[in-house]
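Working from the sequences, and respecting the hints, build out all of it.
With numbering that gives the first Met the number 0, the residue at position 251 of the sequence shown is 250, and numbering never jumps.
It should be emphasised that the hints constitute simulated quantities derived from the structure, not laboratory data. Glycine included, each C-beta is placed from N, C-alpha and C at the ideal position. Accuracy of the hints is not assured; some may be wrong.
[What the hints assert, rightly or not] Quick list of the computed label-pair ranges, beta carbon to beta carbon: (1) N94 <-> V53: 17 to 23 angstroms; (2) R247 <-> Y218: 16 to 22 angstroms; (3) P211 <-> N27: 41 to 47 angstroms; (4) G122 <-> A24: 42 to 48 angstroms; (5) L26 <-> R247: 52 to 58 angstroms; (6) A24 <-> K84: 25 to 31 angstroms; (7) Y206 <-> G162: 42 to 48 angstroms; (8) P211 <-> N252: 35 to 41 angstroms; (9) I30 <-> N94: 33 to 39 angstroms; (10) G102 <-> G122: 25 to 31 angstroms; (11) D253 <-> I30: 38 to 44 angstroms; (12) R256 <-> I120: 22 to 28 angstroms; (13) V165 <-> E83: 35 to 41 angstroms.
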Amino acid sequence: MHRRIRLQAALLPLAVALVSTTATAELNLWISYHFQGMKNYRTGDYQDSEKLLVAALDETSAKFRRGDTLDALGQVYTALGVFEKAEQYYQDALNTKQKALGGRHRDVPITLNNLADLHYIQGKTEDVESLYRRALDINERDQLNLEVCRSLNGLALLQNDAGEYVKAEEHLKRAIEIHEKAQRRDHPYMATVLVNLGILYTNLGRYEEAQPLFERAQYIQNVALRPDHPDVAVRLHAMAALYQATGRTELANDLARRAEEIRQKQAAKGDLY
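Written out as structure tokens, the structure is:
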């Protein structure tokens, strides 16, 4: 989701090394605001994240950094349920990245996947598949990229909705395999894929296969996310459905109650999605 800053000290040309004090201060401020804002986003502190990312946007004129922050703000507004504003930021991010980096740069699929996710949430599915597939095409030579897993997960959602359960399962399993190969076994996006595969198996009556997937996702979320993160509520609801289907009604009701408490807490904070 985020660009990894590479160490290039020995390879920097002298002209780059002799950067002005003002530019250095600008960069330091952007780094401080942007990465703290993204940390808050990942832990579900969306209101604080918004403030920090807006500040980061004010602290840089570099287009590739602006593209990252515009993307991040789009994610925050998606989480807050302010979809029109989220789409505006994603479109600005896409235009900025394409102009600064080119249409096939590895950062472009991030925005394409974000837009596809947003449109799927909104029910505007006419262009969702094309956005996911365009992101996959750009990452054709980087099959371990995190964004490949996001695209596969998104395509699986569409296939599940269309009743193409075999294809959905194949895409989710492939995403899990890529996460494992890339040493992302404990990444929150791995938990998302595990939960989605568990939901698919629950809906198909494959309960024994769903249970360990939810348990593995629970372990990841316990380590990586706050107990009241919206993704935790999604997993709790999914587990409740599994337990209800297998006759464990009391446990199912308890999980559903805990999930609803998280949703109500987020709604009270303005974190609607």
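To see whether the hints hold, each was checked on the structure:
Against the hinted window of 17 to 23 angstroms, the Cβ-Cβ separation of N94 and V53 comes to about 19 angstroms, which satisfies the hint. Separation of R247 from Y218 is about 20 angstroms and conforms to the stated range, judged on CB atoms against 16 to 22 angstroms. Checked against the hint of 41 to 47 angstroms, the pair P211 and N27 passes, with Cβ atoms roughly 45 angstroms apart. At roughly 45 angstroms, the beta-carbon separation of G122 and A24 lies within the given 42 to 48 angstroms, and the hint holds.
Range check, L26 to R247: Cβ separation about 54 angstroms, and the 52 to 58 angstroms hint holds. Checking the proposed 25 to 31 angstroms range against A24 and K84 shows it holds: the Cβ atoms sit about 29 angstroms from each other. At about 20 angstroms, the beta-carbon gap between Y206 and G162 misses the expected band of 42 to 48 angstroms. Separated by about 22 angstroms at the C-beta atoms, P211 and N252 break the suggested range of 35 to 41 angstroms.
As the Cβ distance of I30 to N94 is approximately 23 angstroms, the hint placing it in 33 to 39 angstroms is violated. As the Cβ distance of G102 to G122 is approximately 27 angstroms, the hint placing it in 25 to 31 angstroms holds. Range check, D253 to I30: about 43 angstroms between beta-carbon atoms, so the 38 to 44 angstroms window is met. Taking 22 to 28 angstroms as the suggested C-beta distance range, the pair R256 and I120 conforms, at roughly 25 angstroms.
For the hinted restraint 35 to 41 angstroms between V165 and E83, the CB-CB distance of approximately 36 angstroms keeps it satisfied.
Hint violations for this structure: numbers 7, 8, 9, all remaining hints satisfied.
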